[in-house]
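Asks: Sequence:
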Amino acid sequence: MKDLKQFNISFVGLKEGKHLFEYSIDNTFFNTFNYDEFEKSSINVTLDFVKKSTLFELVFTASGTVNVPCDVTNEMFDQEITSVLPLVVKFGPEYNDDNEEILILPHEAYEFNVAQFIYEMIVLAVPNKRIHPKVLDGTMESEALNKLEELKIKKVQTVEETDPRWDKLKNLITEKKT
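With positions in the sequence shown counted from 1, the corresponding number in the numbering used here is that position plus 332.
Heads up, a few of these hints could be off.
Said to hold, decoys possible - Taking lysine to aspartate or glutamate pairs in the DMTMM-like style, the calculated list, with each CA pair at most 25 Å apart, reads:
no.	residue 1	residue 2
1	461	499
2	337	389
3	337	358
4	337	429
5	422	475
6	484	469
7	461	443
8	337	410
9	384	412
10	461	412
11	422	440
12	422	469
13	350	429
14	337	354
15	484	473
16	422	410
17	372	426
18	337	493
19	461	358
20	383	440
21	383	443
22	337	473
23	383	429
24	384	429
25	347	440
26	372	348
27	337	348
28	383	432
29	372	358
30	350	469
31	422	348
32	461	475
33	384	348
34	337	369
35	383	426
36	384	426
37	466	410
Stated by the list, open to error - Computed spacing ranges between beta-carbons, pair by pair:
no.	residue 1	residue 2	range
38	367	406	17 to 23 Å
39	403	503	49 to 55 Å
40	351	433	16 to 22 Å
These are calculated hints, taken from the structure and not from any lab test. Values in this document were obtained by computation on a predicted structure and should not be read as measured data. All C-beta atoms in this analysis are idealised placements derived from N, C-alpha and C, irrespective of residue type, glycine included.
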């Protein structure tokens, strides 16, 4: 993870109060995590870092686009994403990130890396079902869409034909009731 040194925040030298960190994320960032779902990406992440005497309050904000294939047509498109991730950093006897909203750092820590939080925030911001905007508004012309339309099940109106052998039985039931 030597490529992620720019995401280290050395908090020992920071004064109490608000600090702002900005990051530009592209595919080289995701390659360090061996994540290759995006063809290309362009995301701006801002980190509002508030240092208090006993804890830190962090708010990550991401906005940008990732180039992904459409789940319907397999056409590539730029999916817009926005996400916000609040995080509280406290100090304790040992490192603990079991709670997704609270990170506990050991008392002797002097810096920590925020790359994992940025990575998870962006990956989770991408919708599970990715549909090209032109498919949604009906303007997409694609071989896949044409084939899907061709194979679409059409409603078939059938005339209900009854088996004459059952007609006699139906009459028996109605004759009993009358």
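Asks: Please verify whether residue 383 and residue 440 have alpha carbons no more than 25 Å apart.
Replies: Roughly 17 Å separates the two Cα atoms, so the pair holds.
Asks: Between the alpha carbons of residue 337 and residue 369, is the straight-line distance 25 Å or under?
Replies: Distance ~23 Å between residue 337 and residue 369 Cα, so the pair holds.
Asks: Are the Cα atoms of residue 350 and residue 429 separated by 25 Å or less?
Replies: holds (23 Å)
Asks: Check the hint pairing residue 350 with residue 469 against an upper bound of 25 Å on the C-alpha distance.
Replies: violated (43 Å)
Asks: Mind checking the alpha carbons of residue 484 and residue 473 for me, to see if they're no more than 25 Å apart?
Replies: holds (17 Å)
Asks: Residue 383 and residue 443 were given as a pair; does the straight-line alpha-carbon distance stay at or below 25 Å?
Replies: holds (13 Å)
Asks: Can you confirm whether the C-alpha distance between residue 422 and residue 440 stays at or below 25 Å?
Replies: holds (12 Å)
Asks: If you draw a straight line from the CA of residue 384 to the CA of residue 348, is it 25 Å or shorter?
Replies: Distance ~6 Å between residue 384 and residue 348 Cα, so the pair holds.
Asks: Between residue 372 and residue 348, is the straight-line Cα distance small enough, at 25 Å or below?
Replies: This hinted pair is violated, its Cα atoms lying about 37 Å apart.
Asks: Holds or violated: are the alpha carbons of residue 337 and residue 473 at most 25 Å from each other?
Replies: Measuring from Cα to Cα gives roughly 45 Å; hence the hint is violated.
Asks: Taking only the CA atoms, is the gap from residue 384 to residue 429 under or equal to 25 Å?
Replies: The hint holds at about 20 Å.
Asks: For the pair supplied as a hint, residue 337 and residue 348, is the alpha-carbon distance within the 25 Å limit?
Replies: Holds. Residue 337 to residue 348 sits at ~23 Å (cutoff 25 Å).
Going through the hint list in order, the structure does not satisfy hints 1, 5, 7, 8, 9, 12, 16, 17, 18, 22, 26 and 30.
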